[in-house]
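Numbering-wise (numbering that gives the first Met the number 0), the sequence shown opens with residue 0 and increments by one.
The set of hints was computed from the structure by calculation and includes no laboratory data. Don't take each hint at face value.
Unchecked claim - Here are the simulated DSS-like cross-link-like pairs (lysine-lysine), alpha carbons at most 30 Å apart as the crow flies:
id	residue 1	residue 2
1	166	137
2	137	117
3	104	61
4	207	153
5	207	86
6	137	104
7	86	137
8	148	61
9	104	117
10	117	148
11	61	86
12	104	166
13	137	148
14	153	86
15	117	86
16	207	137
17	104	148
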Amino acid sequence: MIAVVGIDSLLHVFNLSLSDFTYNGDIFNMGFMEQWYVRISPCRTRYLTVSFSGFLSRLSLKGAADNNLSFPGARQVSSLSYSPDNKMIAVANNEGIVTILNAPKLEIRFFFEAHAIKVRATCFSPSSDSLLTGSDDKIVKLYTIRIDKAQLVKSFCGHRSCITAVKYNSRDPQMFASSSNDGSVILWSTTQDSALHVFQGAHEGVVKSLSFSIDGTHIASVGEDRAICLHRLGNQKSVAELAESSWSTSQELQNECSQQKDYNATIVSGNSILRAPENRKNGEEEDEILVRARRDLEGISDEASPE
Numbered sequence: 000m001i002a003v004v005g006i007d008s009l010l011h012v013f014n015l016s017l018s019d020f021t022y023n024g025d026i027f028n029m030g031f032m033e034q035w036y037v038r039i040s041p042c043r044t045r046y047l048t049v050s051f052s053g054f055l056s057r058l059s060l061k062g063a064a065d066n067n068l069s070f071p072g073a074r075q076v077s078s079l080s081y082s083p084d085n086k087m088i089a090v091a092n093n094e095g096i097v098t099i100l101n102a103p104k105l106e107i108r109f110f111f112e113a114h115a116i117k118v119r120a121t122c123f124s125p126s127s128d129s130l131l132t133g134s135d136d137k138i139v140k141l142y143t144i145r146i147d148k149a150q151l152v153k154s155f156c157g158h159r160s161c162i163t164a165v166k167y168n169s170r171d172p173q174m175f176a177s178s179s180n181d182g183s184v185i186l187w188s189t190t191q192d193s194a195l196h197v198f199q200g201a202h203e204g205v206v207k208s209l210s211f212s213i214d215g216t217h218i219a220s221v222g223e224d225r226a227i228c229l230h231r232l233g234n235q236k237s238v239a240e241l242a243e244s245s246w247s248t249s250q251e252l253q254n255e256c257s258q259q260k261d262y263n264a265t266i267v268s269g270n271s272i273l274r275a276p277e278n279r280k281n282g283e284e285e286d287e288i289l290v291r292a293r294r295d296l297e298g299i300s301d302e303a304s305p306e
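Please put together the full structure from these sequences, using the hints given.
Spelled out as structure tokens, the structure:
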């Protein structure tokens with residue numbers, strides 16, 4: 000199941016069949032700007048959305064709202080995450096505040112200042128007792144979630160720009176990855192202060208999202224360069240797939256100068272970055288439309304933000 004909110008505020012839900020690679024989809028319209036963020040509950044029976052009218056709304060699979068929570072600063076929401084046990088929801092905002100909700104009742108438990116500025120990414124641990132936060136301050140923080148408070152455990156520094164995504168490895172609860180506007184993906188351990196593994200050069204610019212494979216041996220990342228990269232955790236390679244409408248290709252990105260380096264020092268070289276061909280002009284108009292739409296949305300968000 001995939002849920003996507005478009006720039007038109009419509010919620011698009013797709014149910015995929017991996018047996019024959021078909022899908023069916025539904026579209027839900029709750030009104031303009033009444034659906035902003037969306038998350039699917041771990042039990043896959045509900046959607047959680049944020050509206051500019053100031054509510055967190057829980058929807059059934061049919062798109063009907065079964066619970067609404069008046070949420071101060073809903074327009075400032077920058078990240079939503081469910082805990083794997085479906086008991087908690089983390090809601091982060093542009094001011095660095097993270098609010099922990101009781102998921103079944105959709106009630107606020109407590110809130111805390113995770114960072115001094117915008118939190119772009121949150122992720123609960125597989126055991127649901129810890130929370131990762133990533134911010135515009137370039138830092139990833141690990142918090143233990145108590146009944147009525149959050150306790151800072153450790154901070155992870157290594158990125159050179161805003162953190163865009165953080166994800167745990169479900170196969171190894173001590174391992175997680177983070178991505179950034181600096182184009183890098185970093186592999187971490189919650190028990191170590193320094194990075195385990197740094198992937199650089201696979202993307203040109205911002206990395207928007209990432210995810211571990213089911214077996215925990217690969218990380219997939221997607222960037223604003225329209226590339227989907229697959230990073231192997233056990234060696235020094237990344238594979239880049241460019242999401243072009245007219246062509247597709249792949250290339251292994253290798254560090255030729257350090258093929259035998261230890262795992263802890265692995266860095267993918269940026270010298271072998273896969274680049275789009277010169278005949279990409281056909282897609283320039285479409286790209287410009289996407290850029291303008293994104294700027295319009297950012298403008299709406301800025302206008303809604305208090306000084």
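Now for the hints, and whether the structure bears them out:
Restraint check: the Cα-Cα separation between residue 166 and residue 137 comes to about 16 Å, which is no more than 30 Å; the hinted pair holds. For the given pair, residue 137 sits about 10 Å from residue 117 by alpha-carbon distance, which is consistent with the 30 Å threshold. Straight-line distance between C-alpha atoms of residue 104 and residue 61 comes to about 20 Å, which keeps the hinted pair within the 30 Å bound. Between the alpha carbons of residue 207 and residue 153 the distance comes to roughly 24 Å, so the proposed pair stays at or under 30 Å and holds.
For the proposed pair residue 207 and residue 86, the alpha carbon gap of about 27 Å is at most 30 Å, so the pair holds. Of the pairs offered as hints, the one joining residue 137 and residue 104 is violated, with about 33 Å between alpha carbons and a cut-off of 30 Å exceeded. For a cut-off of 30 Å, the pair hint linking residue 86 to residue 137 stands: about 29 Å separates their Cα positions. Proximity of residue 148 to residue 61 is assessed by CA-CA distance (about 35 Å); at most 30 Å being required, the pair is judged violated.
Between residue 104 and residue 117 the alpha-carbon distance is near 27 Å, which keeps this suggested pair within the 30 Å criterion. Distance check on the hinted pair: residue 117 and residue 148 sit about 20 Å apart at the alpha-carbon level, within 30 Å; holds. Straight-line distance between C-alpha atoms of residue 61 and residue 86 comes to about 22 Å, which keeps the hinted pair within the 30 Å bound. Distance hint between residue 104 and residue 166 is fulfilled; the C-alpha atoms sit about 26 Å from each other, no more than 30 Å.
Between residue 137 and residue 148, the direct Cα distance comes to roughly 24 Å. Compliance with the 30 Å bound is thereby established for this hinted pair. Distance check on the hinted pair: residue 153 and residue 86 sit about 24 Å apart at the alpha-carbon level, within 30 Å; holds. A threshold of 30 Å between alpha carbons decides the hint, and for residue 117 with residue 86 the separation of about 25 Å falls inside it, so the pair holds. For the proposed pair residue 207 and residue 137, the alpha carbon gap of about 15 Å is at most 30 Å, so the pair holds.
Only pairs whose Cα atoms come within 30 Å are accepted, and residue 104 paired with residue 148 is accepted, the gap being roughly 18 Å.
Of the numbered hints stated above, those contradicted by the structure are hints 6, 8, listed in ascending order.
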